[in-house]
Amino acid sequence: MLDRKTLLTLALLLLPVALLVLGAEQLGVRVLERIAINLCISLTLVVGLQVFMGNSGILSFAHIGFMGVGAYASAVLSIPVQMKGMALPDLYAAVAGLQLSPYLAIAIGGLVAATVAALVSYPLMRLSDAAAVITSFALLVVLHTVMLHWSEVTNGPRTLFGLPKATDLHLAAGVAAGAIVIALLFKESRTGILLRASRDDEIAAAAMGVDIAKARWRAFVLSALIAGVAGGLWGHFITSFSPRAFFLKETFVILGMLVIGGASTVSGAVFGALLVTFAFEGLRTVEASLNRAQIFAEQVVGLTEVALALAMIGILILRPGGLFATAEIGAARPFRSTADGVSRPIRSTPEEPIRSNPTEKASP
Amino acid sequence: MTAALQFVVDVLSLGGAYAMMALGLVIVYGILRLVNFAYGELIMVAGYTLYLIGGSALPWLVMAAVAVLAAIATGIMTDYVAFRPVRAKSVTAVLITSFAFSTLLQNAALLFISPRPRNVPLPEIFSDTIQIWGVITPVRNVLTIVAAAVLLSVFALVMKRTMLGIAMRAAASQFTMARMLGVPANLVISTAFAISGLMAGVVALFWLGRSGAVVPGIGLEPLLVAFIATVIGGMRSLQGAVLGGFLLAFIDTGLNHALPQNLLQFRDAFTFSLVILILLWRPEGLMRGPATGQRT
Chain A
132 MLDRKTLLTL
142 ALLLLPVALL
152 VLGAEQLGVR
162 VLERIAINLC
172 ISLTLVVGLQ
182 VFMGNSGILS
192 FAHIGFMGVG
202 AYASAVLSIP
212 VQMKGMALPD
222 LYAAVAGLQL
232 SPYLAIAIGG
242 LVAATVAALV
252 SYPLMRLSDA
262 AAVITSFALL
272 VVLHTVMLHW
282 SEVTNGPRTL
292 FGLPKATDLH
302 LAAGVAAGAI
312 VIALLFKESR
322 TGILLRASRD
332 DEIAAAAMGV
342 DIAKARWRAF
352 VLSALIAGVA
362 GGLWGHFITS
372 FSPRAFFLKE
382 TFVILGMLVI
392 GGASTVSGAV
402 FGALLVTFAF
412 EGLRTVEASL
422 NRAQIFAEQV
432 VGLTEVALAL
442 AMIGILILRP
452 GGLFATAEIG
462 AARPFRSTAD
472 GVSRPIRSTP
482 EEPIRSNPTE
492 KASP
Chain G
11 MTAALQFVVD
21 VLSLGGAYAM
31 MALGLVIVYG
41 ILRLVNFAYG
51 ELIMVAGYTL
61 YLIGGSALPW
71 LVMAAVAVLA
81 AIATGIMTDY
91 VAFRPVRAKS
101 VTAVLITSFA
111 FSTLLQNAAL
121 LFISPRPRNV
131 PLPEIFSDTI
141 QIWGVITPVR
151 NVLTIVAAAV
161 LLSVFALVMK
171 RTMLGIAMRA
181 AASQFTMARM
191 LGVPANLVIS
201 TAFAISGLMA
211 GVVALFWLGR
221 SGAVVPGIGL
231 EPLLVAFIAT
241 VIGGMRSLQG
251 AVLGGFLLAF
261 IDTGLNHALP
271 QNLLQFRDAF
281 TFSLVILILL
291 WRPEGLMRGP
301 ATGQRT
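Residue numbers (my numbering), protein chains in the order written: chain A, 132 to 495; chain G, 11 to 306.
Keep in mind the hints are simulated off the structure, nothing from the lab.
None of the values given here were measured: they were computed from a predicted structure.
Don't take every hint at face value.
[To be verified] Between beta-carbon pairs, the in silico distance windows are:
no.	chain 1	residue 1	chain 2	residue 2	range
1	G	146	A	221	35 to 45 Å
2	A	421	G	66	27 to 37 Å
3	G	272	A	135	27 to 37 Å
4	G	170	A	309	35 to 45 Å
5	A	320	G	171	31 to 41 Å
6	A	441	G	287	51 to 61 Å
Even for Gly, the Cβ is constructed at its ideal location relative to N, Cα and C.
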């Protein structure tokens with residue numbers, strides 16, 4: 132079913148995840164394990180976002196919202212019954228007495244996110260370009276509003292606590308690896324190919340009979356499912372969180388990871404997440420030591436975001452498609468000599484932006 | 011009768027502000043296909059400018075003018091930072107750079123000013139109320155209506171009658187053709203960003219008038235309003251933006267009156283559901299905008 136290149140890509144993408152687990156375990160430092168788990172969760176999120184954004188070419192802001200849905204849904208199901216009285220005093224009776232294994236709860240959280248996505252997104256999938264982006268942004272705000280105010284289930288804007296700690300490095304890495312496999316399979320599936328055709332030329336794809344709205348919808352639901360599972364994982368790792376954890380700042384981070392890596396490829400998603408996480412941890416150390424040294428009168432906040440924003444703008448100016456713009460890592464042939472005998476750099480296909488439509492550009 | 015009048019005043023004042031915001035967004039989108047995520051930060055910039063010069067002895071109107079100028083300057087800066095370097099690339103690239111620029115500005119405010127709210131100077135008249143035909147309303151609302159009426163009429167006049175306006179409309183319709191006929195691209199683009207900044211700056215004065223303080227995240231709500239208004243109205247039509255602004259204000263005010271208290275906090279969710287319904291009916295928005303060749 133899968134050709135050699137895809138299998139090679141898969142191997143090359145699972146390798147860093149395996150290395151991460153081994154490295155973190157060998158060193159045995161708690162901080163490193165935390166970073167590795169966070170990285171695996173980010174990886175899952177970014178790969179999930181790539182499933183929709185990379186294949187359809189439509190920017191989606193709502194992804195983090197579905198992560199929140201997954202986190203809250205799994206939390207409600209897995210918080211121990213005796214804790215619920217304190218954590219969620221107004222919870223509906225039907226779920227108040229329920230306590231599932233956290234692993235089951237995480238899976239159900241993903242399904243809930245996918246269901247919500249399936250219900251709300253169908254009309255939105257008819258929109259293209261800017262209108263689609265804007266409505267996805269509005270969808271994020273709506274999901275955030277609901278999380279912020281549905282006190283019975285989310286404890287309102289306050290912190291929800293009491294989740295059992297269930298996510299360890301193996302689980303997180305396993306889910307991340309699973310997400311990578313799913314994303315690659317989807318990309319090569321019939322729906323994935325149709326969707327990519329619609330990304331490259333919407334009108335031509337529609338003329339050949341692609342049901343664009345349906346293909347987009349499938350990708351969106353799958354993407355929300357992965358985001359929901361990632362949310363559940365994160366919730367059972369951090370064990371207490373508030374709706375503020377699922378909003379613009381986080382959206383910006385995962386979007387940054389995907390854009391820097393290259394949205395069109397799964398390889399881009401994976402390496403973008405790795406690269407940005409390492410850069411972030413470095414910057415955070417700088418920020419923390421600045422704050423500890425008290426060089427400035429007030430706390431230094433936002434340094435990491437400023438750096439990420441600059442990196443994103445820089446990448447888009449220099450390499451608009453990201454690091455892996457079109458070819459997956461397994462398909463690249465770094466040193467293959469071409470007919471004229473000159474070896475070419477990693478990407479042998481011409482540079483192509485995520486959404487290229489060369490008929491007319493709004494630019495001179 | 012009084013209740014109806016109250017409703018009309020509310021819709022007009024809110025709608026005036028919404029329409030100005032939407033127009034500022036659409037003027038850039040119409041020509042450049044750039045969804046400017048940094049648009050909300052123009053309001054933030056105007057707010058912080060007011061805060062920074064607030065201690066001086068200048069009359070308030072001068073301070074307000076400086077704040078609006080700062081918004082215009084930032085608008086033009088968006089062009090140079092987020093747009094010009096990537097404009098030959100893809101629509102998504104432009105969109106993401108504007109999002110990155112928005113985050114950059116917000117975090118710069120966090121880093122260099124403060125995460126906490128900062129009070130801005132406001133004129134006395136903003137906190138007064140006035141009674142018109144039995145309706146008690148803040149003077150600020152009346153001023154918003156007046157400002158919106160003046161600004162929108164001047165804008166319509168400029169777009170219809172002046173050379174620059176005609177050039178801009180031509181560019182919005184067929185950018186390449188307009189350039190072939192001698193419309194200077196960079197001038198039109200910079201003007202669009204400047205107008206965008208002007209609208210945001212003026213709205214900022216009234217927006218800040220409600221809370222009296224500025225925080226780094228102040229731009230989000232107006233940005234969202236402008237987004238939704240333009241999507242309802244039609245992304246490429248200037249009239250559509252104004253219509254969308256007033257319609258959104260109508261929906262918001264209507265829901266304020268119609269929803270019971272415990273559902274009121276979910277108002278945004280209801281508004282958005284209505285927007286989905288409108289989009290189901292008309293995916294391109296209420297007004298289609300000028301006919302163009304295929305361009306995305």
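- Identify every previously stated hint that the structure contradicts and give their numbers, smallest first. Those not satisfied are hints 3, 4, 5 and 6.
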